[in-house]
Amino acid sequence: MAGTTRRGALKFGGAGLLATGWGGWATRVSAGVPMLPPALSGQDIELRVAHRMLRIDGRDTHAIGINGGIPGPLLRLREGQDVRLTVINDLHDEDTSVHWHGLLVPFQMDGVPGISFPGIKAGERFTYEFPLRQSGTYWYHSHSGLQEQMGHYGPIVIDPVGADPIECDREHVVVLSDHSAMHPHVIFKKLKQQGGYFNYQKQTLAGQIAGRDQKGADRLEWGKMRMDPTDISDVTGSTYRFLINGQTARDNWTGLFRPGERLRLRFINASAMTIFNVRIPGLAMTVVAADGVPVKPVTVDEFQIANAETYDVIVTPADANAYGLVAEAIDRSGMAFGTLAPRAGMVAVAPPLRRRPLATMKDMGMDMAGMDPDMMDMSAMHMGMRDKRNAPALPLGPGVQTIAPMPADRTGEPGQGLADAGHKALVYTDLVARDANPDTRPPGRTIEIHLTGNMERYMWAFDGKKLSEVGEPIPFTAGERVRIVLINDTMMNHPIHLHGHFFELATGKGDHAPRKHTVNVQPGGMVTFDLTADAIGDWAFHCHMLYHMHAGMMRVVSVRPAVAA
Amino acid sequence: MSALLHRAALVALLPLSVAAPALAQDMPAGEMADHAHMHHADAPSAEPATAQAAPPPVPTDHAADAVWGADAMAPSRALLQREHGGMAMNQVMVDLAEVQFRQGRDGYRWEGEGWWGGDINRFVAKTQGEGDWRRAPDDAEVQALYARAIGPYYNLQAGVRQDIGKGPKRTYAVIGLEGLAPYWFETEASVFLSDKGDVTARLEGWYDQRITQRLIIQPRAEVNLAAQNVPEQGVGAGLSSAEAGLRLRYEVAREFAPYIGVSWERKLGRTGRYADSAGEGRGGAALVLGVRAWF
Chain A
43 MAGTTRRGAL KFGGAGLLAT GWGGWATRVS AGVPMLPPAL SGQDIELRVA HRMLRIDGRD
103 THAIGINGGI PGPLLRLREG QDVRLTVIND LHDEDTSVHW HGLLVPFQMD GVPGISFPGI
163 KAGERFTYEF PLRQSGTYWY HSHSGLQEQM GHYGPIVIDP VGADPIECDR EHVVVLSDHS
223 AMHPHVIFKK LKQQGGYFNY QKQTLAGQIA GRDQKGADRL EWGKMRMDPT DISDVTGSTY
283 RFLINGQTAR DNWTGLFRPG ERLRLRFINA SAMTIFNVRI PGLAMTVVAA DGVPVKPVTV
343 DEFQIANAET YDVIVTPADA NAYGLVAEAI DRSGMAFGTL APRAGMVAVA PPLRRRPLAT
403 MKDMGMDMAG MDPDMMDMSA MHMGMRDKRN APALPLGPGV QTIAPMPADR TGEPGQGLAD
463 AGHKALVYTD LVARDANPDT RPPGRTIEIH LTGNMERYMW AFDGKKLSEV GEPIPFTAGE
523 RVRIVLINDT MMNHPIHLHG HFFELATGKG DHAPRKHTVN VQPGGMVTFD LTADAIGDWA
583 FHCHMLYHMH AGMMRVVSVR PAVAA
Chain B
12 MSALLHRAAL VALLPLSVAA PALAQDMPAG EMADHAHMHH ADAPSAEPAT AQAAPPPVPT
72 DHAADAVWGA DAMAPSRALL QREHGGMAMN QVMVDLAEVQ FRQGRDGYRW EGEGWWGGDI
132 NRFVAKTQGE GDWRRAPDDA EVQALYARAI GPYYNLQAGV RQDIGKGPKR TYAVIGLEGL
192 APYWFETEAS VFLSDKGDVT ARLEGWYDQR ITQRLIIQPR AEVNLAAQNV PEQGVGAGLS
252 SAEAGLRLRY EVAREFAPYI GVSWERKLGR TGRYADSAGE GRGGAALVLG VRAWF
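Sequence lines, in order, name chains A and B.
Sequential numbering from 43 applies to the first sequence in the working numbering.
Sequential numbering from 12 applies to the second sequence in the working numbering.
In isolation and in its complexed conformation, chain A is listed as follows (with noise of 0.2 Å):
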């Protein structure tokens, strides 16, 4: 076996790395990441986007790569270093972009067209150039229409100055992914002509006879709300293949240890629409590191990862076996299936999908626990499911279908569908910052957002308003503290991500508060978190759900220096 170890990297790592990326770092076997020599400063590095096929078990599919792989290359980088990354747009038709997720970057260099910079144009090119001041697992896609779910997505790895405190023998970059041969604009019509047109696990006779449905009263009153428990995910299974670094269960993408190794495992989801519960059955997985921030070791059977969201996980495997890596999409609809191997051509078997979870009345926002027992009256409930006085100052348009009555904080309970699984399922109160946080003041005020929707319509919004529908942004301070409360009125779930911004999640950690870029906002639930707006400029604030985006759940968010009284 190549020695790839890290210990073996290291030793012989000076041998003619690639500037240009790893490209072709995603292969079927992987002995584990190569380590790029010491960082050089001003490095230059090349991507180039452009159409390609991808084969999807046997079936070609359209699709966009970069520097012709999917996911794009592995950009391994090292904190404190500058880069300059050139971006070739090859397409011959449309812009292109690049975002760099999670990176603090200057607000021209963010990648988003119409916020950040006016985009790449087909046949020109775009240097971004910034300093790296940050380490960990983070990745980069397109913000440009819906190129990010035709396969315009990589990781990056930026290692620590000096030594790396979490400490491992071999490490392995794993992108979650989801990938569909239908083209992302019929993908989006396709919602929005029929909202449950992926769904193939609705509720049927033939489920409720056989018991795997809702009772028969529940249905009736879920029925008069015009609301469907099966409605966990928008695209589904039914169009989508998972992939695991860009290779499908079939492909058996395998990742090469050796018995007793401790290995860093960092996944990246990088899926246009898919939750994923993650899980290697016999092993217990230690997170460490959280959207590319160390967290105090936490070990858990299983986690969530909602997209766009980055966890790094220690795995000791102990025996010389081949041990699944399952990737489960949130409604089983499917899963993305890897192998953890001594060797190349073990292939561990993979369990069977689960059972698709219900929606809950919680996942409504309506949680009965903190409710009084007098006030458990049907009748009553379902008309306070769209209730002004709950949210004064929503416009109450088509686009907002209900105003949770009782948004619970769910960021004590284990992401939807988990809550039965049988086994510890990591929760975002587990998550507590390695490092003290930089800025502990109080927030100076508090800002109360609420994420609506209507799922008959496929609308998506901010506050019951689309960009499209918005010209101003939200403002900031510089330097200024703020706490945000996302409440979320829709039975979906809701990826949020503010862009050129680390924000602390307020769970009571203190000042070791969890530092997130994105963070998941559970169906009828909210999610607290503060924020201090250091970063001048304009920047994108969105669901990252790509088909809620592209519906109009996003904003800008403005941060301008304090204007002199």
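Think of the hints as simulated: they come from the structure by calculation, not from any bench.
One should not assume that every hint holds.
As the list claims (entries may be wrong) - One-sided and incomplete, this derived list gives chain B residues near chain A with beta-carbon spacing under 8 Å:
1) Q63
2) V69
3) A75
4) V78
5) R88
6) L91
7) E94
8) I131
9) Y164
10) L191
11) R221
12) I222
As the list claims (entries may be wrong) - Footprint (simulated), chain A over chain B, 3 or more residues, beta carbon under 8 Å:
13) 79–85
14) 193–205
Backbone N, C-alpha and C define an ideal beta-carbon position, used for all residues, glycine too.
Guided by the hints, dock chain B onto chain A, whose structure is given.
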């Protein structure tokens, strides 16, 4: 199973429920008001309660303009707005396209509509008609409507209807309401004012009961009402005709579903007597074979 019986009963009551939900869905419930926002007290965060400073003024500049120039940024900013919620869509749905096998006279029938536009404002075209096999349609109409979303589930429609069948070629003003009622009933109600001053109305509803993920049985009902006698069209005042159908379809794809079913129609009251005197018969049952398709 009681839920199914309940639903069957609701099918019968369907026309009565058409208008009510659209009006009811915006009504708040007093009972919930007391509990509104109790969640703030429940938040487990140990952070102290925050002050409420005033937000800064909304800036009038765009940060990127200072770097790339306002002229370079303007087109991409316009595209950003349009591509995040401003797109127009469309759909053409042929709900019924069927052959009707009756005792004696076989016939055909179609019903469909298309829409073009955004989330709130749309242009809607509708058509429906029926006739005897290998003959021009007896009844046929087209409608051109402006539709506006007036709530989460309902669209208000207004426009014109033109009859193009064998009878008088009347033109109508149309007001309609179309949408999804509680319990997942699709509903449609239209009132027509003809160029002769006659007022008629039509109520339709249907429900998709999935048996499996692709096999779906659809009960469907329609009633027609008239405010006055219109002898030229064979329509009498009051409840003029009713129709009920049950169609079993298989979704080969979501967009393409062949079906088989039964359809029963009956001209009622004075409309029935008009039909008698014209020697047309009051209606009856038919076995139907057809396809539901959309794109």
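Practice item. Kindly indicate which numbered hints from before are broken by the structure, ordering the numbers from low to high. Key: none
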